[in-house]
Every structure is written in structure tokens, then in C-alpha cells.
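So the protein lines, in turn, are chains D and S.
Using the numbering used here, the letters of the first sequence correspond one by one to residues 537 to 730.
Using the numbering used here, the letters of the second sequence correspond one by one to residues 30 to 271.
Be careful, since some hints might not be right.
Footprint (simulated), chain S over chain D, 3 or more residues, beta carbon under 8 Å [unchecked claim]: (1) 550-560; (2) 667-674; (3) 696-703; (4) 720-727.
These are calculated hints, taken from the structure and not from any lab test.
Backbone N, C-alpha and C define an ideal beta-carbon position, used for all residues, glycine too.
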Amino acid sequence: MSVSAQTKLPKARIATASLAGCFGCHMAILDIDERLIALMKLVDVDRSPLTDKKRFTQRCDIGIIEGGCCNEENVHVLQDFRRNCDVLIALGQCAIMGGLPAMRNAIMHSDAPLLECLDEAYITGRYIRNKTHNVPNDPALPLLLDEVYPCNQVVKIDYQIPGCAPGGDIIFDTLAKLLTGKFRGFERDMIKFD
Amino acid sequence: MSGTKKETGFSFTIDGVEVTAYAGQTIMEAADEAGVYIPRLCDHEGLRHQGSCRVCTVKAGGRSVSACTQPAAPGQAVENETPHLNKMRRDLVEMLFHEGNHLCPICEASGKCELQAMAYRLDMTEATKFPYLEPCRALDASHPDIALDTNRCISCGRCIRASQDVDGKGIFGYVGRGIHRRVAVNGANLADTDAEVTDHAISKEVCPVGCIIRKRIGFVTPIGEREFDKGLIGHDIEEKRK
Ligand code: SF4
Ligand code: SF4
Ligand code: SF4
Ligand code: FES
Numbered sequence: 537m538s539v540s541a542q543t544k545l546p547k548a549r550i551a552t553a554s555l556a557g558c559f560g561c562h563m564a565i566l567d568i569d570e571r572l573i574a575l576m577k578l579v580d581v582d583r584s585p586l587t588d589k590k591r592f593t594q595r596c597d598i599g600i601i602e603g604g605c606c607n608e609e610n611v612h613v614l615q616d617f618r619r620n621c622d623v624l625i626a627l628g629q630c631a632i633m634g635g636l637p638a639m640r641n642a643i644m645h646s647d648a649p650l651l652e653c654l655d656e657a658y659i660t661g662r663y664i665r666n667k668t669h670n671v672p673n674d675p676a677l678p679l680l681l682d683e684v685y686p687c688n689q690v691v692k693i694d695y696q697i698p699g700c701a702p703g704g705d706i707i708f709d710t711l712a713k714l715l716t717g718k719f720r721g722f723e724r725d726m727i728k729f730d
Numbered sequence: 030m031s032g033t034k035k036e037t038g039f040s041f042t043i044d045g046v047e048v049t050a051y052a053g054q055t056i057m058e059a060a061d062e063a064g065v066y067i068p069r070l071c072d073h074e075g076l077r078h079q080g081s082c083r084v085c086t087v088k089a090g091g092r093s094v095s096a097c098t099q100p101a102a103p104g105q106a107v108e109n110e111t112p113h114l115n116k117m118r119r120d121l122v123e124m125l126f127h128e129g130n131h132l133c134p135i136c137e138a139s140g141k142c143e144l145q146a147m148a149y150r151l152d153m154t155e156a157t158k159f160p161y162l163e164p165c166r167a168l169d170a171s172h173p174d175i176a177l178d179t180n181r182c183i184s185c186g187r188c189i190r191a192s193q194d195v196d197g198k199g200i201f202g203y204v205g206r207g208i209h210r211r212v213a214v215n216g217a218n219l220a221d222t223d224a225e226v227t228d229h230a231i232s233k234e235v236c237p238v239g240c241i242i243r244k245r246i247g248f249v250t251p252i253g254e255r256e257f258d259k260g261l262i263g264h265d266i267e268e269k270r271k
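Using the sequences plus the hints, can you model the full thing?
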């Protein structure tokens, strides 16, 4: 295909969001390094912290989600992505299985893990300096969910890129292959859950 | 000795490859010697076979059998690396992930964990169809040198057999039934047992996951240099064939 024919191809649109994650997966997108230039020739970025666009301006081909759902707002954002994207990718272990935030779900050996988590974080923790002795409850704060939910327990997820954070290579490879219709699964030695 | 072996030797095939076995050998033992890797979790070299995880399931003469317990038979046609068997194995491994609390990014065993490595080998990368059970399980850090995080226990029983048969101690045993079955120790907690960090049951080969933890050595090997960063699980066996 000639270069001029290539440039006529419509660029794909992608969007990204960070839900209950540490932003490490978005940082890992930057680990694509100079190949970002090649990627940007294939895509335009819509709603994303990378562009600081807070809303979708139009329907997107690919939505990339970092983090699972720990609060009401995460659920709304995720549902919004599902509505506005043809293909939805869960990027990283938090999006795939809840990841580190999901530590509050069960392994705290408590009947009320959320309550205990908030107590320890804001009131009883050894190094806490919280003069109000209250758990923050400003109405502007989104309501916490009872548990942290992986993305695919909330909406249908099409692809998952494993890792915490996934390496720049596997992110670039997967996106490049998806965008050119050549994705047939991951090379085994690229799969890492950590 | 080798003379007797030769007399009783016979051959069978695994995925069409001819393999030699000796009377009394299991399919897996013969496969290992021939450099054919059959995925496994509960079986471990030097421990008696338990045949409980079923990750090693192969088809022999059309029937599903566990390769770690099934004796090899002359002329048998064994199927191992088929999409159907690997799919079933992947489901089993996935269920083990969902039945416990496996948070690989915070686990000391990550990179040298056989369960994780099996998930890599079996391509466990698709959105899951099983629920996360997120059980509430015990953590025992009472012992000065050893900790037990049963959130990651997959009930392979390797520690039980190692402690009983190799160490002659019987520190570990199962408690509970069905999905609630887990290892427990023969004392109020680990500190109350005669477990020592030098026991075979505590050594790094025995527990395939990050359940039995030797203290103060976590995360010593940098990412990139850990056992399964260097190759897929089973590559050491497969390399024997090249
Ligand atoms: S998967 Fe890891 S890097 Fe990505 S958001 Fe979660 S904790 Fe951060
Ligand atoms: S035991 Fe293995 S699978 Fe489980 S969390 Fe640790 S590394 Fe992951
Ligand atoms: S503690 Fe480790 S070796 Fe023992 S049964 Fe559990 S997973 Fe297997
Ligand atoms: S390895 Fe054969 S059943 Fe577990």
C-alpha cells in the first residue's frame, strides 16, 4: 500500500480512563516510548486523561480501562465507556481482577472489610493524624461500593492486557495488532500477572 | 540394572511421538524422561503421587486419565497437547485462581509460582466466566522463620506428603471438606509445631504457590531473573528432547 493510500485510511479513535487504579497502567502506556509516534499515526485520542477531555466527543473504536470499580462513579464511567466504544480493553490486573484495591474485599479477615478498611485508614491506623476522627463523608465524594469489582463483572470486556503494570511492549503490540485486525492472542512469553 | 530395564521396556505414543516406558512407570514419568511435558500441579518429583489436581489429565485410548497416576501401557496412544485438553486444564487453573485470593502483584511467589506459570502456559488471558469467591482464609505468621498464607493454598498436598514421607514429621494435613478443604498444621499454630525452615516441606520446591513463605527472603530475585521469567513452565523437560 502506498503512503498516500495509507493516509486516506480513517484514523481509529481511542479513549482511556482510570477507575480504581494507581495510574500505573496509564504510565505504562507512556512506556510505549517512541513507538507512540507510530501509534498516533493510527489513532486519535478522545476522552482520556492524556488529552484531558472529560467527555466523549464521538463514538470510539477502542476504550481502554485501567482499574476496577470501587465506587459509584467508577461504575458510571465504565458503563459510559461500554456505551461509547466498540471494543473495550481491560488494561492491567486492577481492571482484570480488582488488583490491589481488591485487597479490601476479603483478605482482611473481617466480616465488614470496608468498614475496617476505612477505620484503619482514617481513625485507628498507627500513623494517622486525623484531627476530626471521622471518615471523610463529603457529599461530593462518590459512594463507595461494598467491594471492589473487576471490570468484567460490571460490563462486557472484549480483551484483557495482563500485568501490573503491563509492559509498554505488550500494550503497543496488542493495540497495533487490534488496529490492523491482526490480533490472535498474546505470545506466551509476554503474559505476566505482575 | 539397565539390562533388566531394557527387557521390560515397551513403547507407546504421546501425540504421535514414540516414548519408551518401563513396567511400573506412570505416563508422566515416561513422558518426563522422553522430554514431553505434561502440565501438573499436585505432582512433584520425589513425592508420592496424589492425583488430585487433574491438571495432568490426558486421553489414553480415548479415556481421560491423570498422567501422574496412570501406568503407561504398551502400544497406548496418549493425547496430551490438544486444544480440548488444554482448555480443560485452563479452566481448572482458572478455578484455582478464583477459589482463593490470588493477587499476583503483591505475592512473594510471583515469577516462581507454578500456578501462575501454568496460567501463562495455558493462555489464561480472557475475561473470566467464573465468579471470584474471595474466601476469608487464615494467615499464620507465628513461626519466627516461616509464614503460612492459605489465601494462596491450592490444596495440592505437596507439603503434606513432603512433611510425612521425607521429613518424617507430619506437620501438615487437610482440614475441611470440598471447597473448604485447606492445609492446617498439627498444632494451635505453626510456632507450636516442630516445623523448621530446613524441612523439605518448607523448601522452595515443595509449595507450588506463595502459601508456605520463608520469612526475610521475599522479593530477593529481581523481576526478569525469576524462574519463570526465563522460560515457560516445563521448558526444562521439553529441552531434553531437542
Ligand atoms: S494494575 Fe498495577 S499498575 Fe495498573 S492500576 Fe493496578 S496497581 Fe496500578
Ligand atoms: S500464589 Fe501464584 S497465582 Fe497466587 S498470587 Fe501468588 S503468584 Fe499469583
Ligand atoms: S500449602 Fe502449598 S504445598 Fe501445601 S497444599 Fe497448599 S499449596 Fe500445596
Ligand atoms: S498432577 Fe496429576 S492430578 Fe495433579
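Comparing the hints with the structure gives:
no.: 1; hint: 550-560; in the structure: violated (count 0)
no.: 2; hint: 667-674; in the structure: violated (count 0)
no.: 3; hint: 696-703; in the structure: holds (count 3)
no.: 4; hint: 720-727; in the structure: holds (count 5)
Comparing the model with each earlier hint shows violations of hints 1 and 2; every other hint is respected.
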